[in-house]
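Asks: If you want the building blocks of each chain, they are given just below.
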Amino acid sequence: MKKLVVSRLISSVPLLVLLSLFVFGLINLTPTDPAAQILGVGAGEDAKAAYRHQLGLDRPLHEQFGQWVLGALRGDLGKSWFTAQPVTQMIGDRLGVTLSLALLALVLALLAGVPLGILGALRPGSVPDRILTLAVSLGLAVPGFWLALLLALLFALTLRWFPVVGYTPFTEDPGEWARSLVLPATAMAVHTAAVIARQTRGALVDTLNAPYVQALRSRGIPFRRILLRYAMKNAMIPVLAVIAVQMSVLVGVTFVVERIFALPGIGTLLMDGVVQADMPVLQGTVVVVGALVLLINLITDIAYGVVNPKVRPR
Amino acid sequence: MTTSADITPPEEQQRHGAARRPVRASRLRRPAVLWCAVFLGVLVLVALAAPLLAPYDPLALDIKNKLASPSVAHWLGTDDLGRDVLSRLIYGARTSVVASAEVVAVALLLGVSVGLLVGYLGGLWDRVTMQVVDALQAVPALLLALAMVAVVGNGLVKAMFAVGLVFAVSFMRVTRAVVLAEREQLYVDAARVTGLGRAHIVFRQILPNVAAPLIVQASIAAGTALLIEASLSFLGVGIDTTQVSWGGMLETARQFQSEQPLLPIFPGVAIAVCVLLYNLLGDGLRDAVGVRDPAAGAPARSARTRTRLSVVERRPAEAAPASAPADGTLLSVRGLTVAAGDTELVSDVSFDVRKGETFGLVGESGCGKSVTATAVMGLLPGAVRVTGGSVLLDGRDLVRLGERELQRIRGERIGMVFQDPVAALSPSHTVGHQLGEALMVHKGMTRKQAAARSAELLSLVGVPDARRRLADYPHQFSGGMAQRVVIAAALACEPELLIADEPTTALDVTIQAQVLDLLDDLKRQLSMSVLLITHDLGVVADVCDRVAVMYAGQVVEVGSTEDLLLSPRHPYSEALLAAMPHGAPVERLATIPGRVPPAWDWPSGCRFHPRCPYAVERCGEGRPEIADGARCVRAAELTLKGVR
Ligand code: SF4
Numbered sequence: 499m500k501k502l503v504v505s506r507l508i509s510s511v512p513l514l515v516l517l518s519l520f521v522f523g524l525i526n527l528t529p530t531d532p533a534a535q536i537l538g539v540g541a542g543e544d545a546k547a548a549y550r551h552q553l554g555l556d557r558p559l560h561e562q563f564g565q566w567v568l569g570a571l572r573g574d575l576g577k578s579w580f581t582a583q584p585v586t587q588m589i590g591d592r593l594g595v596t597l598s599l600a601l602l603a604l605v606l607a608l609l610a611g612v613p614l615g616i617l618g619a620l621r622p623g624s625v626p627d628r629i630l631t632l633a634v635s636l637g638l639a640v641p642g643f644w645l646a647l648l649l650a651l652l653f654a655l656t657l658r659w660f661p662v663v664g665y666t667p668f669t670e671d672p673g674e675w676a677r678s679l680v681l682p683a684t685a686m687a688v689h690t691a692a693v694i695a696r697q698t699r700g701a702l703v704d705t706l707n708a709p710y711v712q713a714l715r716s717r718g719i720p721f722r723r724i725l726l727r728y729a730m731k732n733a734m735i736p737v738l739a740v741i742a743v744q745m746s747v748l749v750g751v752t753f754v755v756e757r758i759f760a761l762p763g764i765g766t767l768l769m770d771g772v773v774q775a776d777m778p779v780l781q782g783t784v785v786v787v788g789a790l791v792l793l794i795n796l797i798t799d800i801a802y803g804v805v806n807p808k809v810r811p812r
Numbered sequence: 210m211t212t213s214a215d216i217t218p219p220e221e222q223q224r225h226g227a228a229r230r231p232v233r234a235s236r237l238r239r240p241a242v243l244w245c246a247v248f249l250g251v252l253v254l255v256a257l258a259a260p261l262l263a264p265y266d267p268l269a270l271d272i273k274n275k276l277a278s279p280s281v282a283h284w285l286g287t288d289d290l291g292r293d294v295l296s297r298l299i300y301g302a303r304t305s306v307v308a309s310a311e312v313v314a315v316a317l318l319l320g321v322s323v324g325l326l327v328g329y330l331g332g333l334w335d336r337v338t339m340q341v342v343d344a345l346q347a348v349p350a351l352l353l354a355l356a357m358v359a360v361v362g363n364g365l366v367k368a369m370f371a372v373g374l375v376f377a378v379s380f381m382r383v384t385r386a387v388v389l390a391e392r393e394q395l396y397v398d399a400a401r402v403t404g405l406g407r408a409h410i411v412f413r414q415i416l417p418n419v420a421a422p423l424i425v426q427a428s429i430a431a432g433t434a435l436l437i438e439a440s441l442s443f444l445g446v447g448i449d450t451t452q453v454s455w456g457g458m459l460e461t462a463r464q465f466q467s468e469q470p471l472l473p474i475f476p477g478v479a480i481a482v483c484v485l486l487y488n489l490l491g492d493g494l495r496d497a498v499g500v501r502d503p504a505a506g507a508p509a510r511s512a513r514t515r516t517r518l519s520v521v522e523r524r525p526a527e528a529a530p531a532s533a534p535a536d537g538t539l540l541s542v543r544g545l546t547v548a549a550g551d552t553e554l555v556s557d558v559s560f561d562v563r564k565g566e567t568f569g570l571v572g573e574s575g576c577g578k579s580v581t582a583t584a585v586m587g588l589l590p591g592a593v594r595v596t597g598g599s600v601l602l603d604g605r606d607l608v609r610l611g612e613r614e615l616q617r618i619r620g621e622r623i624g625m626v627f628q629d630p631v632a633a634l635s636p637s638h639t640v641g642h643q644l645g646e647a648l649m650v651h652k653g654m655t656r657k658q659a660a661a662r663s664a665e666l667l668s669l670v671g672v673p674d675a676r677r678r679l680a681d682y683p684h685q686f687s688g689g690m691a692q693r694v695v696i697a698a699a700l701a702c703e704p705e706l707l708i709a710d711e712p713t714t715a716l717d718v719t720i721q722a723q724v725l726d727l728l729d730d731l732k733r734q735l736s737m738s739v740l741l742i743t744h745d746l747g748v749v750a751d752v753c754d755r756v757a758v759m760y761a762g763q764v765v766e767v768g769s770t771e772d773l774l775l776s777p778r779h780p781y782s783e784a785l786l787a788a789m790p791h792g793a794p795v796e797r798l799a800t801i802p803g804r805v806p807p808a809w810d811w812p813s814g815c816r817f818h819p820r821c822p823y824a825v826e827r828c829g830e831g832r833p834e835i836a837d838g839a840r841c842v843r844a845a846e847l848t849l850k851g852v853r
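Residue numbers (our numbering), protein chains in the order written: chain V, 499 to 812; chain W, 210 to 853.
These aren't lab readings, by the way, just hints derived from the structure by calculation.
Treat the hints with care, as some may be off.
Unchecked claim - The list that follows gives simulated cross-link-like pairs (lysine-lysine, DSS-like), each with its CA atoms no further than 30 Å apart: (1) V/K731 <-> W/K564; (2) W/K367 <-> V/K577; (3) V/K731 <-> W/K652; (4) W/K367 <-> W/K273; (5) V/K501 <-> V/K731; (6) W/K732 <-> W/K564; (7) V/K501 <-> V/K546; (8) W/K564 <-> W/K657; (9) W/K732 <-> W/K652.
All of these numbers come straight from a predicted model, not from anything done at the bench.
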C-alpha cells in the first residue's frame with residue numbers, strides 16, 4: 499500500500515510540471531503586457547520597463563519558468579500582479595470554501611444516489627426503476643447553476659430560510675457555516691447524485707447476476723445479507739471510479755455556484771484572475787486545482803485497492 | 210431502459226453477449242432515439258432560421274417595457290432592458306448549436322487523428338501522449354476554457370476551442386483503444402501481408418469500427434458542451450455582448466429574479482431540455498450499436514434476467530405420478546416441468562436419488578440439466594418458473610415452500626458446487642469470510658467459531674496450510690484449489706445432498722480426477738448423496754451408481770450406470786457412448802449430425818427423431834412416454850451397442 503502511494507505521488511510530479519508548462523506556454527503565447535495594463539497605456543516606456551523588470555518579465559522564458567517551478571516546489575506561487583499579495587496565501591484563504599462546498603455536495607450526492615441506485619437495481623424494469631431512470635436523465639440534464647438560481651429564488655429570496663449570499667467561516671459559527679453552504683451544495687449535488695445513482699444501479703444489477711451471488715444463495719444465505727455484505731462491496735468498486743471523476747467535476751462547478759451565492763472560493767479568485775489577466779493568480783490556481791484533482795484520484799485509487807483485493811499490491 | 214419482455218433462453222443470451230453486435234436498424238428506429246433526433250433537428254432548424262422566426266430583434270431595447278410579464282406582444286415577457294425573451298431564446302439556440310458543433314468538430318478532428326496516430330505508432334509515442342493526456346484531464350474543462358479566455362480574450366469560438374481540446378481526450382482514448390484492439394486482429398496483419406498501405410488499413414478497416422462508439426461520444430459531448438457554454442456565458446466570459454446565450458440570459462435573470470421571477474425559468478428549461486435530448490440520443494444510440502456503457506451497467510440484460518427474489522409463484526403440482534418414493538430415497542423429482550413464458554425448458558422430468566448414492570444427470574449442453582438442478586434448489590431466475598411436478602426431499606415438496614423455508618434447506622440439507630469455482634466466490638471477500646457465512650447463518654456461530662470450523666473444512670477438502678489460506682482472496686487460488694474451497698463451502702453444514710453442476714469441466718484434466726476422487730471420498734465420509742451433473746460419460750462411469758440421460762428437456766433413459774454403459778436402451782445413449790471412448794467430452798456428438806435443438810424449437814413426437822439413426826415414421830407422432838427405463842418407441846426391438 500505504501501509503495502502504491504509513493505509511486506503515485508512521484509508519478510504525479512511530472513504531470514503537474516507538464517500542466518504548469520502548458521498554462522505557462524499559453525500565457526506567454528499572448529501579447530498581453532501587464533505593465534501597460536497596470537500602469538495604464540499612457541505610462542512612460544521607462545516606467546513600464548522598470549515594472550516589467552520588477553516582475554521578472556524581461557528575463558528569458560525558460561528562466562522565468564524555472565524560477566516559478568522552484569518557487570512552487572517551496573510553496574511560493576509568486577505574487578499577484580495587481581494586489582502584490584502572495585498567490586499561495588490568496589489560494590489558501592479560499593481553498594477551504596471550495597473544498598467544503600465540493601465535499602458537502604459529494605456527501606449529499608452519495609446519500610441520495612447510492613440508495614436510489616440500489617432501489618432501481620433490486621427490481622430492474624419495475625415502475626420505481628423506470629421513474630428512477632427518468633429522474634436520473636433529468637438530473638443529468640439540469641444545469642447545476644440554474645438549479646442554484648431557482649433554489650436561491652425559492653428558499654433564500656422568497657422563504658428566507660437561508661442566507662441569499664455570503665459565507666460564514668466554520669471557525670466563526672459552524673451553524674451559520676452550514677446554513678450558507680446548504681443551498682449551493684444541494685444544487686451541485688443533483689447532477690452528481692444522478693451519476694452515482696446510475697452507476698450504482700448498473701453495477702449492482704451486474705453484481706446480483708454474478709455466479710457467486712447464486713452460490714451464496716445456494717448456501718441458504720438470506721438475500722438481504724448477500725446484498726449488504728457481498729453485492730454492495732463488489733458493486734461499489736466501479737462506483738468509486740466515478741466518484742473520482744465527479745469530485746473533479748464538482749470542483750469545476752463550484753466556480754459557477756460560488757458566484758451565485760457570492761462565496762469567497764477559488765472560483766471567484768479565478769474569475770478575477772481571468773478578467774484582469776492576472777497571470778500568477780491564474781497559473782497558480784490552475785496548478786493547485788490540477789494538484790487537487792490528482793490528489794483526489796490518488797485517494798480514490800487507495801480506496802479502490804482497499805475494496806478490490808486484485809489490485810492491492812502485497 | 211429496455212422494456213422488451215421477450216425471454217431468451219440462457220444459451221441464446223450468451224451467444225448474443227459474446228458476439229459483437231451489429232448495428233440494428235430496428236433498434237435505431239425505436240421511438241426514443243427517433244424523437245430525440247427529430248427534436249434536435251428542429252433545434253438546428255430554429256438556430257438556422259432564427260431571423261425568420263424571432264418576432265423581435267433580440268438586441269432591441271425597450272426600456273419602458275422592461276421586465277414585463279408574458280403578454281400577447283411578448284409571449285414570454287421581456288428582460289431588464291425590455292428585450293423580448295422569446296426572440297432571445299430563439300437566437301440563443303443559435304449560439305448553443307454553434308458551440309456544440311464546434312466542440313464536437315474540434316474533438317473529433319483532434320481526438321480521432323491523434324488516437325489513430327498513437328494507437329498505430331505505439332511505443333514511446335503512445336506513452337508520452339498518454340502522459341500529456343493525463344495532465345490535461347486533471348483540469349476541469351471549465352477551468353481550461355476560463356484560462357483560454359483569460360489568455361486569448363473573450364469569444365465563444367476561442368472558449369469552445371479549449372473545451373473541444375478537453376473532449377478530444379476522451380475521443381482519443383476511444384479511438385486509440387479501438388486501434389489497439391484492431392491491431393491485434395488477424396485481418397490487419399493479413400492486410401499488411403498483402404501489401405496494403407497503412408493509410409488504407411486505417412480508413413478501410415479501423416474507422417468503421419471506431420465510428421459507432423464515436424457517434425455515441427459525440428452526442429454526449431454535444432450536451433456537455435452546451436452546458437459549458439451556458440456556464441461560461443453565465444460567468445460572462447464566454448461570449449461578447451452582441452451574442453445572445455441562454456447562459457447569459459440566466460445571468461441577467463440572477464440579477465433581476467426578485468423583480469421578475471419568470472426570467473430564470475425559460476432559458477433554464479431550454480438548456481435542460483436540449484441536454485436531455487442529447488443525452489437520450491446518446492443512450493439510445495449506445496443501446497443500438499451495442500457499446501457497453503460502463504456507467505449504465507447492462508440495461509438490456511437486466512431487463513431480461515430479473516434478479517428480484519420474490520417467492521416464485523408456484524402453481525400447485527399437477528397430479529404427480531402416484532408412485533410413492535421407494536424406501537431409501539432422499540430426493541425424488543416427479544414430473545418436474547419448468548418454463549420461461551410459454552417455452553418449456555424442462556418437461557416432465559422424474560428421477561430419484563437414493564441415500565448414499567451418486568446419481569448422474571448426463572447429456573449435451575442445452576438439454577436442461579442445469580435448469581433441473583437450479584429448479585431443485587429453488588433458484589430459478591424470476592422469469593423462469595416451475596409449472597408442474599414436484600421436488601420431494603424426504604417426502605417434503607420443495608416446490609411448494611416459501612423463500613424463507615427454502616433458505617433453511619439450502620446449505621443445511623442441500624449443498625451446491627458450480628462449474629466455474631472462481632466465479633462462484635466473491636472476488637473482494639476472503640475465502641474464510643465466505644466459508645464462514647453459512648455457518649454463522651445456519652449454526653449461529655460467531656465469526657471466530659466459524660473461522661475455526663472453516664479451517665477444519667479446508668483441511669478436509671485437502672487445501673494445504675488451511676488456517677493461513679483463510680485470509681486469502683479467491684484470485685490467489687488455482688482453479689482446482691478454488692473448487693475445493695467451493696466444495697468446502699457447500700459442505701459447511703454437512704448437507705445430506707450435494708448437487709455438483711459440472712464440477713470438473715473448467716478444470717485441467719489432471720485436476721479433474723483429483724476433484725472427482727475428493728467428491729467420492731467426501732460422499733462416503735459424510736454419508737451423503739451426490740447429484741452429479743455432467744456431459745462427460747467418462748465421469749459418470751467413474752463415480753456414478755445410477756444415471757439419467759437427458760435430451761431436449763426430457764429424461765430419455767434412466768437406470769444403473771452399468772446397464773447404461775453395457776446395454777443402453779435409447780439411441781441417444783448409444784450415440785453418447787459411441788463418442789466417449791475417443792476421450793472427447795461430448796459437447797458435440799461426433800457420431801450423429803446436428804445438435805440439441807433450442808427450447809422453443811423442440812420437435813413433436815420423439816424429440817430425438819430428427820437426429821436418430823433408427824427413426825421410423827411413428828417416431829414423429831404422439832409423445833413417447835418413458836417405459837422400462839427408456840423413452841423410445843422402438844426400445845424393445847432395437848439392440849444397441851454399449852461400451853465394448
Ligand atoms: S423413438 Fe424413434 S426417433 Fe426416438 S429414439 Fe426411439 S427410435 Fe429414435
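Asks: Decide, hint by hint, whether the structure agrees.
Replies: Hint check:
{"no.": "1", "hint": "V/K731 <-> W/K564", "result": "violated (39 Å)"}
{"no.": "2", "hint": "W/K367 <-> V/K577", "result": "holds (28 Å)"}
{"no.": "3", "hint": "V/K731 <-> W/K652", "result": "holds (25 Å)"}
{"no.": "4", "hint": "W/K367 <-> W/K273", "result": "violated (36 Å)"}
{"no.": "5", "hint": "V/K501 <-> V/K731", "result": "holds (24 Å)"}
{"no.": "6", "hint": "W/K732 <-> W/K564", "result": "holds (10 Å)"}
{"no.": "7", "hint": "V/K501 <-> V/K546", "result": "violated (51 Å)"}
{"no.": "8", "hint": "W/K564 <-> W/K657", "result": "violated (33 Å)"}
{"no.": "9", "hint": "W/K732 <-> W/K652", "result": "holds (21 Å)"}
Comparing the model with each earlier hint shows violations of hints 1, 4, 7, 8; every other hint is respected.
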